[in-house]
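Input sequences plus hints: build the corresponding full structure.
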Amino acid sequence: MKNIYDYTLEELEEYFISIGEKKFKATQIFEWLYKKRINSFDLMSNIKIDTINKLKEDFKLDDIEIIAKREGKDVIKFLFNLSDNNKVEAVLMLHDYGNSLCVSTQVGCNMGCTFCESGRLKKVRNLETHEMVLQILKIEKELKIRISHVVLMGIGEPFDNYDNVIRFIKIINSGKGIDIGARHITVSTSGIVPKIEQFIKDGNQVNLAVSLHAPNNEIRNKIMKINKAYDIEELMSMIKRYINETNRRVTFEYIMLKDVNDSIECAIELANLLKGINCYVNLIPYNETSHIEYKQSSKEQIMKFYDTLKKNNINVTIRREFGGNVDAACGQLRANYEEGLQ
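Quick note on my numbering: the sequence shown kicks off at 83 and runs consecutively.
Hints are computed from structural coordinates only; laboratory data are not their basis.
For every residue, glycine included, the Cβ atom is placed at its ideal position computed from N, Cα and C.
Among the hints, a few may not be true.
Straight line, CA to CA, 30 Å or less: simulated DSS-like cross-link-like pairs of lysine-lysine [as the list claims (entries may be wrong)]:
id, residue 1, residue 2
1, K104, K204
2, K104, K136
3, K84, K155
Computed spacing ranges between beta-carbons, pair by pair [said to hold, decoys possible]:
id, residue 1, residue 2, range
4, T109, G263, 31 to 41 Å
5, T328, N394, 22 to 32 Å
6, S230, L125, 25 to 35 Å
7, T109, K386, 47 to 57 Å
8, E375, E96, 17 to 27 Å
9, K151, N360, 16 to 26 Å
Here it is in structure tokens:
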């Protein structure tokens, strides 16, 4: 039995047609779920009882549960328990432009990036669409706020769970659903080139971010095993195609690791790699964890790296540091909980 939150509006319309109902019923159901935020079919007062009974027969309304919360300056991290007792997390960042939620897409991750906490605990399974949707709904209900921006940058590789992620995007972007604008949704990938190609073909209008983290294959091979499957040349070729076919700018995420990828030589090499590409670089101060030996680059070194990119006409920002005191590294709260440290 499928969960009702797994269904896009179009899929729900098809469902109602298949049972001999008018497809506008799907819009009514979406309004109850996403505008009025009910969590019981029995509360849908403008739906006839026979239809309610049919919905109960065909769909679940499984929930996810917030089991831990860590708060810091302008950041709140949530740990969720899923129906099978697996756990994922989401991070809410409070900006002056709105509330941005970093959503998980998998239980664990198989990408194996050596600096990443979520990759230490290997992928158990993909999240279903409803388990992503409910991360938003539960946090909005818990805090009585509206989430205005969503980034798929939590535990997991979104493009390793492509179909469920695209369905999730359609639901949260729909004006009848959660109604978050496409320009306020960002999908981050470590560089699964065939899925980026599929993303181009599907005509998605949301933002694309690429976890680059190195200016050459030698460094990237050491810290990101995905690079051995799709190296920087292949990745950059696909990114140039993406920009050319979509006319969209790409964000390159670059975690600053002390004495690994933060030298001025790396900055110059990165500038040369990205020269002439419609992009900007987001330099990310590394969130250190007790399980991984990497250290955060000094603020001085980050500024030197930033200045070098600027001088070479690369659009660059430094991400604000969020939640160093709330287990903020991707997967850190989940890992600590699973290992009995909470």
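* So does K151 sit 16 to 26 Å from N360, Cβ to Cβ? -> 39 Å, violated
* Honestly, do T109 and K386 meet the 47 to 57 Å range at C-beta? -> Holds - the Cβ-Cβ distance for T109 and K386, about 54 Å, lies within 47 to 57 Å.
* Going straight from one Cα to the other, do K84 and K155 come out at no more than 30 Å? -> 38 Å, violated
* To do: For the pair we were handed, K104 and K136, check the Cα-Cα distance against 30 Å.
  => 14 Å, holds
* Between E375 and E96, does the beta-carbon spacing fit 17 to 27 Å? -> 51 Å, violated
* Asked: So the hint says 22 to 32 Å: do the beta-carbon atoms of T328 and N394 match that?
  -> 25 Å, holds
* To do: Could you tell me whether the CB distance from T109 to G263 stays inside 31 to 41 Å?
  => 20 Å, violated
* Determine whether the Cβ-Cβ distance between S230 and L125 falls within the hinted range of 25 to 35 Å. => 27 Å, holds
* Asked: For the pair supplied as a hint, K104 and K204, is the alpha-carbon distance within the 30 Å limit?
  -> 44 Å, violated
When each numbered hint is compared with the structure, violations occur for hints 1, 3, 4, 8, 9.
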